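So the protein sequences, as listed, match chains A and B.
Following the working numbering, the numbering of the first sequence begins with 1 at its first residue and continues without gaps.
Following the working numbering, the numbering of the second sequence begins with 1 at its first residue and continues without gaps.
To be clear, the hints were calculated from the coordinates, so they are not data collected in a lab.
Be aware that a few hints might be false.
[As the list claims (entries may be wrong)] So these bits of chain A aren't anywhere near chain B, every CB distance computed over 10 Å: (1) Q11; (2) N74; (3) L95; (4) I179; (5) E249.
[Unchecked claim] Covered stretches of chain A (chain B as the covering partner; in silico rule of three or more C-beta atoms under 8 Å from a C-beta of chain B): (6) 57-70; (7) 78-87; (8) 107-119.
[Stated by the list, open to error] Non-contacting residues of chain A with respect to chain B, defined by C-beta distances greater than 10 Å in every case (computed): (9) S73; (10) P159; (11) I177; (12) G251; (13) Y253; (14) P261; (15) H296; (16) I300; (17) Q304.
All values reported here derive from a predicted model rather than from experimental measurement.
From the three backbone atoms N, C-alpha and C, an ideal C-beta is built for every residue, glycine too.
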Amino acid sequence: MINLQTLSTLQERFTGGHRLCAGCGAAIVARQVLLAAGKKHVIVISATGCLEVSTTIFPYSAWKDSFFHSAFSNAAATCSGIEVAYKSLKEKGKLKEDIVFITFGGDGGTADIGLQALSGAMERGHKMLYICYNNEAYMNTGVQRSGMTPLGARTTTAPVGRIQQGKTESKKDLTQIMIAHNIPYVAQTYIGNWHDLITKVQKALSIYGPSFINILTPCRLGWGYPPEETINIGKLAVETCVWPAYEVENGIYKINIKPNPPKPIIEFLKCQDRFKHLLKPENSHIIDKIQQDIDHKWCILQKQEWLSSYPC
Amino acid sequence: MIRPLSSKGKLVAKTGNEIAAEAMRQIEPDVVAAYPITPATEIVQIFSQFVADGIVKSKYIAVESEHSAMSATIAASAAGVRAMTGTSSQGLCFMWEMLYIASGLRLPIVMVAVNRAISAPINIHCDHSDTMGARDSGWIQIYSESVQEVYDNIIQAVRIAEQTKLPVLVTMDGFIISHCMELVEVYNDDAVKSFIGEYTPERYLLDIKNPYTLGSLDLQNYYFEHKYQIAKAMIDAQTTIVNIANEFTKCFGRSYNLYEKYMMDDADMAIVIIGSAAGTVKMAINELRSQNIKIGLIKIRVYRPFPKDNIAIDLANIKSIAVLDRSDSCSGAFSPIYSDIVSSLYSEGITTPKIISYVYGLGGREITIEHIKNIYKTLNQIMLGKDQKDCSIVHYINLRK
Numbered sequence: 001m002i003n004l005q006t007l008s009t010l011q012e013r014f015t016g017g018h019r020l021c022a023g024c025g026a027a028i029v030a031r032q033v034l035l036a037a038g039k040k041h042v043i044v045i046s047a048t049g050c051l052e053v054s055t056t057i058f059p060y061s062a063w064k065d066s067f068f069h070s071a072f073s074n075a076a077a078t079c080s081g082i083e084v085a086y087k088s089l090k091e092k093g094k095l096k097e098d099i100v101f102i103t104f105g106g107d108g109g110t111a112d113i114g115l116q117a118l119s120g121a122m123e124r125g126h127k128m129l130y131i132c133y134n135n136e137a138y139m140n141t142g143v144q145r146s147g148m149t150p151l152g153a154r155t156t157t158a159p160v161g162r163i164q165q166g167k168t169e170s171k172k173d174l175t176q177i178m179i180a181h182n183i184p185y186v187a188q189t190y191i192g193n194w195h196d197l198i199t200k201v202q203k204a205l206s207i208y209g210p211s212f213i214n215i216l217t218p219c220r221l222g223w224g225y226p227p228e229e230t231i232n233i234g235k236l237a238v239e240t241c242v243w244p245a246y247e248v249e250n251g252i253y254k255i256n257i258k259p260n261p262p263k264p265i266i267e268f269l270k271c272q273d274r275f276k277h278l279l280k281p282e283n284s285h286i287i288d289k290i291q292q293d294i295d296h297k298w299c300i301l302q303k304q305e306w307l308s309s310y311p312c
Numbered sequence: 001m002i003r004p005l006s007s008k009g010k011l012v013a014k015t016g017n018e019i020a021a022e023a024m025r026q027i028e029p030d031v032v033a034a035y036p037i038t039p040a041t042e043i044v045q046i047f048s049q050f051v052a053d054g055i056v057k058s059k060y061i062a063v064e065s066e067h068s069a070m071s072a073t074i075a076a077s078a079a080g081v082r083a084m085t086g087t088s089s090q091g092l093c094f095m096w097e098m099l100y101i102a103s104g105l106r107l108p109i110v111m112v113a114v115n116r117a118i119s120a121p122i123n124i125h126c127d128h129s130d131t132m133g134a135r136d137s138g139w140i141q142i143y144s145e146s147v148q149e150v151y152d153n154i155i156q157a158v159r160i161a162e163q164t165k166l167p168v169l170v171t172m173d174g175f176i177i178s179h180c181m182e183l184v185e186v187y188n189d190d191a192v193k194s195f196i197g198e199y200t201p202e203r204y205l206l207d208i209k210n211p212y213t214l215g216s217l218d219l220q221n222y223y224f225e226h227k228y229q230i231a232k233a234m235i236d237a238q239t240t241i242v243n244i245a246n247e248f249t250k251c252f253g254r255s256y257n258l259y260e261k262y263m264m265d266d267a268d269m270a271i272v273i274i275g276s277a278a279g280t281v282k283m284a285i286n287e288l289r290s291q292n293i294k295i296g297l298i299k300i301r302v303y304r305p306f307p308k309d310n311i312a313i314d315l316a317n318i319k320s321i322a323v324l325d326r327s328d329s330c331s332g333a334f335s336p337i338y339s340d341i342v343s344s345l346y347s348e349g350i351t352t353p354k355i356i357s358y359v360y361g362l363g364g365r366e367i368t369i370e371h372i373k374n375i376y377k378t379l380n381q382i383m384l385g386k387d388q389k390d391c392s393i394v395h396y397i398n399l400r401k
C-alpha cells in the first residue's frame with residue numbers, strides 16, 4: 001500500500017520543464033503513473049497527442065525512462081512489438097532485467113482512431129498497462145469532439161449555434177468496451193485522488209497480461225476553467241457519479257468510491273465553460289437527459305458489482 | 001536451367017511465397033508481425049507454421065491489421081531486435097504513414113512485398129502500383145525477376161538494411177512469381193546465418209541502462225537536417241548494396257548489381273523494365289537478336305536508390321529506348337520509371353536518345369513476346385526517323401480503348 005511518505009522518497013521519472021499547460025491533467029497522470037511504478041524498469045509508449053508533443057521536443061525529453069512514439073492510432077500495436085521483442089530477448093538470455101510497459105493515449109488515440117489497435121493488442125494478451133488520459137475531446141488539435149465527448153459539451157466541431165447546443169450524442173463507454181475484452185484488469189480512476197490512481201496502477205503492473213486504466217483527465221483549455229481547479233473538477237466528476245471510480249479484476253466489479261448521496265450533475269457542469277450554454281433555461285431538458293443517463297448507468301454499475309460477486 | 005553455383009546449396013522446387021518463407025526461416029528474425037493478404041498470405045501461413053513447430057525461435061505477432069503489422073515491426077526494431085514483415089497492395093497502402101516512420105527512425109526492417117494492383121476496382125493480380133506508390137518513402141526497393149532472385153534479394157536485404165540503417169522492401173510479382181514454382185538453389189542454413197551475421201544495434205529501447213527518447217517532436221530547427229540524413233543515406237546505400245552483392249557472389253556464386261544489362265554492349269535500341277516481365281523481354285530479345293537486330297534490355301533491380309548515374313552512361317549511346325512501367329501515375333504526365341530514366345539522362349546532359357513511355361500489365365493483364373516485338377518495331381521506326389510516333393504521350397500495351 002502506497003503512502004505519501006514513501007512517494008516523497010521516490011525519484012521523479014516524469015520531470016518538469018515540459019510544455020504542457022499549467023493545470024494540465026495529463027501531466028499529473030504521467031507523473032503519478034510513473035511514481036506508482038516505483039523502482040520497476042519501465043518503457044513508456046505514447047500515441048501522438050498533447051502528452052507526446054509537449055514532452056519530447058527534440059533535443060529535449062521530460063522522460064527519464066526510455067520513451068517511444070511513432071504515430072497516432074497505433075500505440076497499443078507499438079507496445080505489442082516492444083513487448084514481444086522483450087520476450088524474445090529474455091527467452092534467448094540476452095536480457096536479464098524485468099521491464100514493464102506502460103502506454104499512454106488520449107481519448108482519440110485510444111477510443112477513436114486507436115481503438116482497433118488497442119482491441120487487437122488486448123485480445124492478443126500482451127503484458128502491458130494501457131493508460132487512457134481521457135480529456136473527452138481532441139485537445140491537441142484544438143478541442144474537437146471525440147467519441148468520448150459527453151452529451152451537450154461544446155467543442156469546435158460540435159459547436160453551440162442557433163440550432164445546435166454542443167454535442168448531440170452521448171459518449172461511448174470505453175471502460176465497458178475494455179471489460180468486454182475479458183482482460184485481467186480494467187479500472188476507471190480520476191485526477192484528484194492520488195491514492196486511488198496509484199493503487200490501481202500498481203495493481204495493474206503486478207498482473208500478468210494486459211491491463212487498462214481509463215483516467216478522467218480534466219483539460220483546463222478545452223473544458224474551460226481556471227488552472228487551479230483541475231483537482232476539484234476531477235473530484236466533482238466522481239462525487240456526481242458522471243465518472244465512477246471502479247475496477248474489474250478478473251471479471252469481478254468493485255466500485256471504489258460510492259458518493260452518498262451523489263451530487264447533482266449541475267455541480268459538475270456549472271464550473272466548466274464547455275457546458276455553460278446548458279445553464280440557459282431553454283436547455284434545461286439537456287441537463288435533465290444527462291442526469292437521467294448518469295442515474296441509469298450508476299444503477300447498472302451497482303448491479304454489475306453485485307452480480308459479478310454473486311457465485312455462479 | 002538453374003544449377004547449384006556453390007557447394008553450399010541444393011536445388012528445390014518452390015514458389016515465390018514459399019521461398020520468401022524459407023529465407024525468413026533461415027534468417028530467423030526475432031520478431032515477425034504480419035497480416036494476411038492475397039497474394040502474400042502464404043508467406044505468413046508458412047512462417048507461422050515454422051513458429052508453431054518450434055523450427056524457428058522467432059516470435060510471430062498475428063496483428064489485427066497491416067497498420068499494426070508495420071507499427072509492431074517498427075517497435076520491435078526500435079526495441080533492439082531483427083524484425084520482418086510482408087504484405088501486398090491494400091496492405092501496403094494501409095501501412096503508408098508507418099513506412100515513412102520506419103525510414104525516418106532509421107530502422108533496419110526488411111519487408112517482402114508481393115506486387116498487386118490497388119483498388120478500386122478491386123483486383124488481386126499483379127501490377128506495381130503498390131510499391132511504386134511507396135517509392136519516395138525512404139525505403140530501399142529491390143525488385144525480383146524470379147523465385148531465385150526473391151530468395152537472394154531477401155538474404156542480402158538483411159545486411160543492406162542493417163548497414164545502411166534504412167528499411168528494405170523486396171518485391172516479387174503477385175501470382176507470376178509468388179505462386180509459380182521454379183527450380184531454385186537454396187543455400188544451407190549455416191551459410192545463410194553466417195552471411196547475415198548477428199544483429200548488434202547501436203542504440204535500442206530495451207537497453208535500459210541507456211534510456212532514451214525515440215520519436216520526438218522535431219521542429220523547424222532540426223527536421224530538415226534529419227530528413228537530409230535519410231536522403232544522404234539513400235545515396236550512400238548504392239555502394240553498400242554493390243559491396244554486399246559482391247560478398248554474396250563470393251559466398252553463393254550468383255552475381256547481382258543495381259541493374260542488369262542484357263545484350264546491351266552493341267545495342268542501338270533498348271527496353272527498360274522491372275520485375276518478372278524482364279524474362280519475357282529477354283525471350284523476345286533472343287528471337288530478335290537471331291535476326292541480327294541490335295536490341296538490349298536494362299532490368300532495374302534496385303529501384304530505390306535509383307542508379308541514375310550508371311544508367312545514364314549505359315543508355316547514352318542508345319538511339320531509341322522504350323521504358324515499360326507496370327503502374328500508371330495517372331498524373332497527366334508519365335509513369336515512375338520513365339520519369340526517372342528521362343531525368344537521369346537529362347541531368348547528365350544526354351539528350352540524344354528518343355525515349356517512349358509504355359504502361360502495361362495493370363491488374364494482371366498479360367504481356368507476351370509478341371507485344372515486345374511490336375515495341376521493337378516502333379523503336380526501330382523511331383530510330384530510323386521514319387515513324388515519328390509520339391514520344392510526348394504514354395502508350396498502353398494490350399489495352400482496349
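*Would I177 (chain A) pass as off the interface with chain B, using Cβ distances and a cut of 10 Å?*
The claim holds: I177 (chain A) sits with its nearest Cβ about 15 Å from chain B, beyond 10 Å.
*Does the claim that N74 (chain A) lies off the interface hold, with its Cβ farther than 10 Å from every Cβ of chain B?*
4 Å, violated
_Verdict on L95 (chain A) as a residue remote from chain B, using beta-carbon distances over 10 Å_ = 6 Å, violated
*Taking C-beta pairs only, is S73 (chain A) more than 10 Å away from all of chain B?*
Incorrect as stated: the minimum Cβ-Cβ distance to chain B is 7 Å, not above 10 Å.
*Is the nearest CB of chain B more than 10 Å from the CB of Y253 (chain A)?*
Nearest chain B Cβ is 27 Å from Y253 (chain A), so the label holds.
*Interface-negative label, I179 (chain A) against chain B, beta-carbon threshold 10 Å*: At about 19 Å from chain B, I179 (chain A) clears the 10 Å cut-off, so the statement holds.
*Claimed coverage, the region 107-119 of chain A by chain B - three or more beta carbons nearer than 8 Å*: holds (count 3)
*Decide, holds or violated, for the assertion that all CB atoms of chain B are farther than 10 Å from the CB of P261 (chain A).*
Given a closest Cβ separation of 43 Å, the condition holds.
_Interface exclusion of Q11 (chain A) relative to chain B, criterion Cβ beyond 10 Å_ = Correct as stated: the minimum Cβ-Cβ distance to chain B is 13 Å, above 10 Å.
*Apply the coverage criterion to the region 57-70 of chain A and chain B: a residue qualifies when its Cβ sits closer than 8 Å to a Cβ of the chain, and three qualifying residues are needed.*
holds (count 12)
*Distal placement of G251 (chain A) relative to chain B, Cβ over 10 Å*: Non-interface label on G251 (chain A) holds, nearest chain B Cβ at 23 Å vs cutoff 10 Å.
_Distal placement of I300 (chain A) relative to chain B, Cβ over 10 Å_ = Its Cβ never comes within 10 Å of chain B, the nearest being 29 Å, so this holds.
In terms of the numbered hints stated before, the structure departs from hints 2, 3 and 9, listed from lowest to highest.
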